[in-house]
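Q: If you want the building blocks of each chain, they are given just below.
2 protein chains.
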Amino acid sequence: MSNSSPEPSPILFFETINAYQRTAAIKAALELDIFSAIADGQTTVEALAAKCDASPRGVRILCDYLVMMGFLTKQNGSYQLTQDSSIFLTRQSPAYAGGVTEFLLSPTLMEGFQDIAAAVRKGGTVMPDEGTVAPDNPVWVKFARGMASMMMMPAQMMAKLVDAEAEQKLKILDIAAGHGMFGITIAKRFPNAEVVALDWPNVLEVAKENAEQAGVGDRYSTIAGSAFDVEFGSNYDLILLTNFLHHFNEATCVSLLQKVNKALSDDGKVLTLEFVPDEDRVSPPGAASFSLVMLASTPQGDAYTFSELEKMLKQAGFSHNELHQLPPTPQQLVISQK
Amino acid sequence: MSNSSPEPSPILFFETINAYQRTAAIKAALELDIFSAIADGQTTVEALAAKCDASPRGVRILCDYLVMMGFLTKQNGSYQLTQDSSIFLTRQSPAYAGGVTEFLLSPTLMEGFQDIAAAVRKGGTVMPDEGTVAPDNPVWVKFARGMASMMMMPAQMMAKLVDAEAEQKLKILDIAAGHGMFGITIAKRFPNAEVVALDWPNVLEVAKENAEQAGVGDRYSTIAGSAFDVEFGSNYDLILLTNFLHHFNEATCVSLLQKVNKALSDDGKVLTLEFVPDEDRVSPPGAASFSLVMLASTPQGDAYTFSELEKMLKQAGFSHNELHQLPPTPQQLVISQK
Numbered sequence: 002m003s004n005s006s007p008e009p010s011p012i013l014f015f016e017t018i019n020a021y022q023r024t025a026a027i028k029a030a031l032e033l034d035i036f037s038a039i040a041d042g043q044t045t046v047e048a049l050a051a052k053c054d055a056s057p058r059g060v061r062i063l064c065d066y067l068v069m070m071g072f073l074t075k076q077n078g079s080y081q082l083t084q085d086s087s088i089f090l091t092r093q094s095p096a097y098a099g100g101v102t103e104f105l106l107s108p109t110l111m112e113g114f115q116d117i118a119a120a121v122r123k124g125g126t127v128m129p130d131e132g133t134v135a136p137d138n139p140v141w142v143k144f145a146r147g148m149a150s151m152m153m154m155p156a157q158m159m160a161k162l163v164d165a166e167a168e169q170k171l172k173i174l175d176i177a178a179g180h181g182m183f184g185i186t187i188a189k190r191f192p193n194a195e196v197v198a199l200d201w202p203n204v205l206e207v208a209k210e211n212a213e214q215a216g217v218g219d220r221y222s223t224i225a226g227s228a229f230d231v232e233f234g235s236n237y238d239l240i241l242l243t244n245f246l247h248h249f250n251e252a253t254c255v256s257l258l259q260k261v262n263k264a265l266s267d268d269g270k271v272l273t274l275e276f277v278p279d280e281d282r283v284s285p286p287g288a289a290s291f292s293l294v295m296l297a298s299t300p301q302g303d304a305y306t307f308s309e310l311e312k313m314l315k316q317a318g319f320s321h322n323e324l325h326q327l328p329p330t331p332q333q334l335v336i337s338q339k
Numbered sequence: 002m003s004n005s006s007p008e009p010s011p012i013l014f015f016e017t018i019n020a021y022q023r024t025a026a027i028k029a030a031l032e033l034d035i036f037s038a039i040a041d042g043q044t045t046v047e048a049l050a051a052k053c054d055a056s057p058r059g060v061r062i063l064c065d066y067l068v069m070m071g072f073l074t075k076q077n078g079s080y081q082l083t084q085d086s087s088i089f090l091t092r093q094s095p096a097y098a099g100g101v102t103e104f105l106l107s108p109t110l111m112e113g114f115q116d117i118a119a120a121v122r123k124g125g126t127v128m129p130d131e132g133t134v135a136p137d138n139p140v141w142v143k144f145a146r147g148m149a150s151m152m153m154m155p156a157q158m159m160a161k162l163v164d165a166e167a168e169q170k171l172k173i174l175d176i177a178a179g180h181g182m183f184g185i186t187i188a189k190r191f192p193n194a195e196v197v198a199l200d201w202p203n204v205l206e207v208a209k210e211n212a213e214q215a216g217v218g219d220r221y222s223t224i225a226g227s228a229f230d231v232e233f234g235s236n237y238d239l240i241l242l243t244n245f246l247h248h249f250n251e252a253t254c255v256s257l258l259q260k261v262n263k264a265l266s267d268d269g270k271v272l273t274l275e276f277v278p279d280e281d282r283v284s285p286p287g288a289a290s291f292s293l294v295m296l297a298s299t300p301q302g303d304a305y306t307f308s309e310l311e312k313m314l315k316q317a318g319f320s321h322n323e324l325h326q327l328p329p330t331p332q333q334l335v336i337s338q339k
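Protein chains in written order, with the numbering used here: chain A, 2 to 339; chain V, 2 to 339.
Do not take every clue at face value.
One copy or two, either will do: identical chains are not told apart, so a pair holds if it fits within one copy or between any two.
Unchecked claim - Below are the DMTMM-like pairs computed for lysine to aspartate or glutamate, each with C-alpha atoms no more than 25 angstroms apart in a straight line: (1) 123 to 54; (2) 315 to 168; (3) 75 to 279; (4) 315 to 166; (5) 312 to 47; (6) 263 to 195; (7) 161 to 268; (8) 161 to 32; (9) 161 to 8; (10) 209 to 34; (11) 170 to 323; (12) 123 to 47; (13) 75 to 195; (14) 75 to 281.
No lab work stands behind these hints: they were computed from the structure.
Model the full assembly from the supplied sequences, consistent with the hints where possible.
A: Right, dumping it as structure tokens:
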């Protein structure tokens with residue numbers, strides 16, 4: 002070993018082997034609602050144990066672990082929230098995102114990670130029935146229910162990037178709408194916009210609820226079924242393709258994009274929200290790591306680079322394609338025109 | 002929000018929710034023996050896929066993820082090992098540590114993390130039969146087989162801290178010996194040392210194999226049973242208590258330490274290897290995070306601070322106690338005398 006090399010260390014290996022314990026700890030903290038209890042002024046082990054109906058020993062060990070991970074701070078035996086924990090992990094906050102566990106830690110999604118070696122051998126999910134892209138997979142209802150809060154931030158960023166007059170009539174198609182928040186947020190910004198949401202029928206129930214709650218229910222209609230099978234209609238000003246393409250291989254994406262192209266008005270735009278890694282495919286971490294999720298849970302999906310997306314979009318007739326970063330979210334937006 | 006605060010970000014939360022995927026990825030890489038294949042000169046996706054009998058698509062996605070985690074580097078589509086991956090994760094290396102997954106990712110240990118919220122409520126493991134400290138739990142054979150390689154580094158550091166003449170006769174008791182590497186390493190350094198290893202009978206088979214392989218089998222004897230029940234013998238110069246106290250509550254530790262005290266010669270020393278967090282209990286991460294492992298897998302175990310260990314040791318009649326850090330391992334050594 003050269004003297005200039007740092008001392009060999011197995012620490013990264015140990016931390017990675019034990020990384021699943023971090024998932025287990027944050028899940029438990031949300032279940033016990035530790036963060037809301039601290040926001041409520043219960044900051045000592047004894048007070049938190051009483052509030053969360055748990056043992057002082059268990060609360061002390063869990064909260065120390067949350068400090069170690071960076072979700073809490075600790076001073077003189079008293080725990081405090083970080084800014085991010087206060088915003089995203091307390092039920093008192095409108096941006097509470099704890100509900101994402103319903104989808105992100107659903108048995109369906111986690112099952113895909115039970116045997117990654119097998120998925121690497123095969124080159125795709127080893128879950129039965131094509132994994133999460135199986136028709137009507139009930140995991141998408143969990144997605145729609147769990148992920149709405151977390152998608153508020155990218156939805157608002159996306160709505161701001163819609164370049165139209167305030168009073169303009171906009172005909173919007175929201176493909177694989179899920180919770181519907183992307184279309185709904187645009188509808189809130191543009192009072193003359195009308196949204197057509199497309200998804201499985203059980204998922205559309207969630208989107209419709211959200212549209213009603215947001216006060217745009219009278220401008221919200223739906224198409225139930227698979228985006229590959231149903232008629233889209235035509236002459237849309239905006240078509241939203243959010244977190245959809247990554248589930249499929251390139252040929253499937255191109256054929257869908259051709260269908261999208263036909264449904265779009267001549268000066269319409271397609272907004273594609275995706276995890277778009279840099280061309281090296283190993284950065285930034287949030288986007289780059291998403292490929293493994295697709296390997297684990299779909300037959301042929303991927304996190305496509307911008308050059309791959311651009312190639313597919315061009316094949317489908319979109320000559321202008323722009324990439325937008327959406328920090329601090331891990332996602333990117335591609336805006337395409339014919 | 003004050004303007005001086007950084008932008009709110011859900012990134013840490015997302016990363017932690019998905020942390021289990023890191024565990025799944027490193028486990029798969031070891032199963033497919035990706036690191037050894039790269040050490041063997043297979044550095045492209047195609048070459049690795051052929052060598053590891055896997056799909057190019059799966060290999061590309063897994064290797065990119067390993068780059069993202071810091072286990073590999075990538076240049077011009079070719080993957081290279083980091084120094085630490087080369088030392089600890091390739092089978093060509095004598096320090097190969099991939100075998101730790103047999104213990105650290107055993108169903109028994111991982112089961113304890115299935116429901117941390119329940120463990121926090123209860124204040125201890127929710128696994129049946131006292132979790133990992135149940136008599137004769139077969140997980141300790143996995144421990145003995147899987148952890149030997151990883152314990153070489155602390156074992157060698159510990160052996161160097163034994164302050165004795167090279168030719169001195171040393172009578173050593175190795176309590177809960179497991180793989181036996183701590184006693185064996187000292188026996189290799191001191192040719193007149195004799196080691197008595199204590200553990201469950203099935204575990205001792207592993208220790209005896211390792212002692213034979215290390216060439217110290219003729220100075221190696223065993224006592225089969227529970228450390229709390231069997232007779233230790235007396236007049237030991239060294240007693241090793243490695244990774245044992247953390248499984249038990251303080252009263253149990255004190256009663257064991259009293260038994261240890263009686264078995265030790267007047268000028269003998271006890272070497273206690275532990276995860277010893279700082280007094281704030283939230284640093285350093287390797288030691289501090291170990292409390293959660295004990296909450297998940299034992300009824301009342303813990304990662305004790307030095308002041309807690311010192312209090313127990315003093316109660317058991319040890320008046321001199323010194324804490325030694327063992328970097329880069331996450332562990333600490335306490336050396337005690339009457």
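Q: All hints are to be evaluated individually against the structure, with a verdict given for each.
A: Now the hints, each set against the structure:
no.	hint	verdict
1	123 to 54	between (46 angstroms within a copy, 10 angstroms between copies)
2	315 to 168	neither (31 angstroms within a copy, 79 angstroms between copies)
3	75 to 279	between (37 angstroms within a copy, 13 angstroms between copies)
4	315 to 166	neither (28 angstroms within a copy, 78 angstroms between copies)
5	312 to 47	between (59 angstroms within a copy, 23 angstroms between copies)
6	263 to 195	within (19 angstroms within a copy, 83 angstroms between copies)
7	161 to 268	within (18 angstroms within a copy, 76 angstroms between copies)
8	161 to 32	neither (34 angstroms within a copy, 47 angstroms between copies)
9	161 to 8	between (49 angstroms within a copy, 18 angstroms between copies)
10	209 to 34	neither (29 angstroms within a copy, 49 angstroms between copies)
11	170 to 323	within (24 angstroms within a copy, 77 angstroms between copies)
12	123 to 47	between (51 angstroms within a copy, 14 angstroms between copies)
13	75 to 195	neither (49 angstroms within a copy, 47 angstroms between copies)
14	75 to 281	between (39 angstroms within a copy, 8 angstroms between copies)
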